[in-house]
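Given these sequences and hints, build the entire structure.
There are 2 protein chains.
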Amino acid sequence: MKTAEQEKITQAQETCRIPKQLALFERASKVIPGGIYGHIAPLMSIPGVFPYYTDRAKGCHYWDVDGNEYIDYMCAFGPMVLGYHHPKVDEAAMKQAALADCTNHPGPVMVELAEYMVDMVSSADWVLLVKNGNDATSYATKVARAHTGRKKIVLCQGHYHGVAAWCTGPCHAGIVPEDHTNIIRIPWNDLDAFRKVVAENKGQIAGFMATPYHHPTFIDQVMPSEGYWKGIRETCDKEGIVLMVDDVRSGFRLNQRGSDAHFGFKADLICFGKAMGNCYPISACAGREEFRIAASKVFHTGSYWFAAVAMAASLACLKEMRDGGVVEKMNRMGKMLGDGLKDAARSHGLEVIITGPPAIPYMRFANETDLFRMQFFCAEVVKRGSFLHPHHNWFMCAAHEEADIRQTLGHADDAFKAVKEKFGS
Amino acid sequence: MKTAEQEKITQAQETCRIPKQLALFERASKVIPGGIYGHIAPLMSIPGVFPYYTDRAKGCHYWDVDGNEYIDYMCAFGPMVLGYHHPKVDEAAMKQAALADCTNHPGPVMVELAEYMVDMVSSADWVLLVKNGNDATSYATKVARAHTGRKKIVLCQGHYHGVAAWCTGPCHAGIVPEDHTNIIRIPWNDLDAFRKVVAENKGQIAGFMATPYHHPTFIDQVMPSEGYWKGIRETCDKEGIVLMVDDVRSGFRLNQRGSDAHFGFKADLICFGKAMGNCYPISACAGREEFRIAASKVFHTGSYWFAAVAMAASLACLKEMRDGGVVEKMNRMGKMLGDGLKDAARSHGLEVIITGPPAIPYMRFANETDLFRMQFFCAEVVKRGSFLHPHHNWFMCAAHEEADIRQTLGHADDAFKAVKEKFGS
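Just so you know, the sequences run in chain order A and B.
Just so we're aligned, residue 1 is where the first sequence starts under the working numbering, counting upward by one.
Just so we're aligned, residue 1 is where the second sequence starts under the working numbering, counting upward by one.
A portion of the hints provided could be inaccurate.
One copy or two, either will do: identical chains are not told apart, so a pair holds if it fits within one copy or between any two.
Computed cross-link-like contacts, DMTMM-like style, restricted to lysine to aspartate or glutamate with a CA-CA straight-line distance of at most 20 Å [said to hold, decoys possible]:
#1 LYS30 / ASP125
#2 LYS30 / GLU115
#3 LYS95 / GLU320
#4 LYS30 / GLU290
It is worth saying that the hints were derived from the structure and are not from the lab.
So, in structure tokens, the structure goes:
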């Protein structure tokens with residue numbers, strides 16, 4: 001006979017929507033630190049509701065290992081921009097794969113991709129192709145130091161540039177204070193703070209790196225203030241500071257020429273990743289003519305960086321993005337989603353705040369200080385078949401159609417109703 | 001009418017074996033810093049002879065863009081271990097690709113791969129999967145610091161662990177002295193030197209990282225002295241120092257259980273890459289039980305790290321490696337090549353020195369202090385259809401057959417003859 005505790009477990013398993021995935025996760029926890037690590041770790045999601053393992057994906061939909069289907073608003077946390085299994089991208093990748101991928105030398109497609117990016121991207125006179133976004137941001141800091149002969153790098157508080165020690169917060173395990181000897185952090189959107197550190201570190205600052213707008217986790221996104229980037233650009237020019245834009249998360253979702261173009265300025269060095277390859281592993285640092293010599297002096301390489309398949313995929317992705325009105329569509333769909341969510345919330349007597357670009361929205365409840373409402377809301381939406389994250393910005397893609405948004409708004413309507421019932425306001 | 005100079009250029013173009021690739025490189029040099037960067041940069045090869053761009057590859061053969069065919073002894077600088085387009089690996093990758101690659105979550109294959117590695121690799125009680133080899137080595141240093149609460153990392157002079165600033169030599173552009181505040185470099189194979197820095201930095205050293213044997217560029221490889229690793233292991237145990245082995249280059253070519261197993265000791269943390277995925281982009285840090293908690297505390301993530309295709313490829317690659325006598329074959333073929341090269345040299349009155357494991361050999365001329373003979377020799381071999389590198393270790397793969405080696409030894413015989421004629425000895 002079962003004990004009360006065993007009965008509870010059996011009941012939980014019966015009502016669980018992800019039993020196969022929990023079994024997989026239990027196996028994983030024995031052979032992988034934390035079971036699933038990094039930005040997709042379970043502690044970053046809603047335990048027992050959020051899926052853990054993907055079975056298959058197509059367009060803006062995917063299915064978890066337990067057969068649950070989702071309309072995807074995280075898009076692999078950014079890399080998916082045209083839809084999973086986009087025919088043109090996959091065809092280009094497969095065509096290249098049939099020839100060669102990672103060999104002793106790059107494929108000719110490296111030249112074609114670099115030429116295409118130089119033509120397409122506002123601040124690109126040259127481009128260096130890498131794997132991780134963090135490979136690009138780390139490279140940029142080296143180029144800035146090589147170019148200026150200076151050491152210090154200014155970053156904005158709460159901006160994420162990857163997991164390399166130089167850009168990881170001091171609170172994280174394994175990071176030591178000396179990792180940040182030459183790093184100065186200032187508040188986002190604070191031109192005076194920048195001018196102050198520049199004055200205090202006259203002739204010592206190699207570069208300033210920031211994301212084109214502020215996209216933290218857990219809190220609202222903040223667009224650049226009027227005149228912010230113009231002021232940064234002017235100060236950098238005046239003081240010989242290299243202006244580096246980390247466009248890894250936002251690149252090609254605000255503007256196909258890069259997010260600096262979107263905000264009306266030119267970066268010296270600009271880093272891309274995610275959207276540039278529609279899920280194929282590729283990132284890049286592009287830069288202006290002035291920095292070409294320093295860029296070619298820095299030794300930067302990796303075992304898989306010259307692999308041709310991801311480059312072929314990226315070239316096809318960028319071509320589609322340029323020709324297909326992709327940025328416009330993502331922002332239109334994002335606006336439809338955002339407006340719809342606000343309306344749906346209002347119809348239940350609730351208010352939600354949505355910040356950031358329509359293609360990369362962040363939502364929270366107006367009256368909330370913790371994330372309980374948002375977690376509950378996302379759980380209810382996820383159960384119904386749309387994947388929304390409670391504390392990370394979402395990503396739109398060009399495969400989202402009005403029918404998808406309408407379906408998600410239906411899920412959201414039910415979820416807002418449940419929030420109202422549970423929380424009262 | 002042509003000037004003498006123009007005539008010379010025309011003549012050079014006519015006799016050039018890589019005209020299409022030089023034209024591509026000229027285009028590249030306008031849009032990519034240095035045209036081709038990193039470890040495959042032209043300055044790392046023999047200009048005008050070495051191919052620049054791969055058209056296609058199959059087994060241990062590949063063809064450059066000008067249609068020249070090569071038997072490959074660089075194997076993509078390591079990642080190719082079973083042969084390009086290995087049917088089992090590609091089939092596993094394609095099967096996974098048809099389902100999903102990079103999505104919001106890993107695929108179930110992440111669990112299977114981690115379980116397989118824990119079972120196969122001597123020092124693996126857990127494994128964390130990443131992209132670049134350098135992602136793994138950087139992670140290992142963080143785990144060591146998180147585990148010990150100490151800051152300093154001891155490395156060996158001339159050991160390559162990637163391009164992150166902490167492990168890049170101070171002579172490189174963009175590297176500042178503060179990048180190495182907590183790094184101590186000691187000579188390879190010098191147990192006394194290690195014991196000395198440990199005594200001088202009592203209680204301050206988080207970890208020691210080294211490659212399992214010394215595989216520098218430009219000079220001979222050096223295997224560990226008798227008792228070296230045993231002594232390192234004992235000192236680390238006594239002083240609570242984390243022993244990290246960077247097996248990215250050598251992993252799975254010396255021993256399918258890891259190179260620490262090959263040399264009769266156990267690493268605390270061991271990093272793999274290259275051979276583990278047969279050219280698909282994947283690397284890993286594996287570790288022992290004791291370090292699991294620290295390993296799970298370190299925040300380490302990347303946009304493409306959970307992509308399922310490379311994991312499926314890696315699982316198929318490791319299975320093939322374990323079942324197929326792959327390590328034995330690579331070393332047997334490497335020995336046949338090495339013995340044959342020595343004999344061929346001797347038959348022309350020359351002497352070559354070959355160091356390192358047979359599957360990862362490094363060759364030089366015994367009487368040479370510069371690399372002129374070696375460069376000339378490799379150029380002559382490359383022209384005849386075998387790809388050998390003049391100053392980097394070579395890599396054998398399981399697709400090398402005796403017929404390939406015999407063909408290459410024929411190329412080498414001609415090349416040694418040419419060396420003898422040109423240099424006299």
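Hints versus structure:
1. Taking identical chains as interchangeable, the C-alpha atoms of LYS30 and ASP125 lie at most 20 Å apart only when they sit on different chains, with a minimum of 8 Å there against 48 Å within one chain.
2. In this assembly of identical chains, the alpha carbons of LYS30 and GLU115 lie at most 20 Å apart only when taken from different copies (8 Å versus 46 Å within one copy).
3. In this assembly of identical chains, the alpha carbons of LYS95 and GLU320 lie at most 20 Å apart only when taken from the same copy (17 Å versus 26 Å across copies).
4. Proximity of LYS30 and GLU290 under a CA criterion of 20 Å is satisfied inter-copy only: 13 Å between copies versus 51 Å inside one chain copy.
Figure legend: structure checked against the earlier numbered hints; every hint is met.
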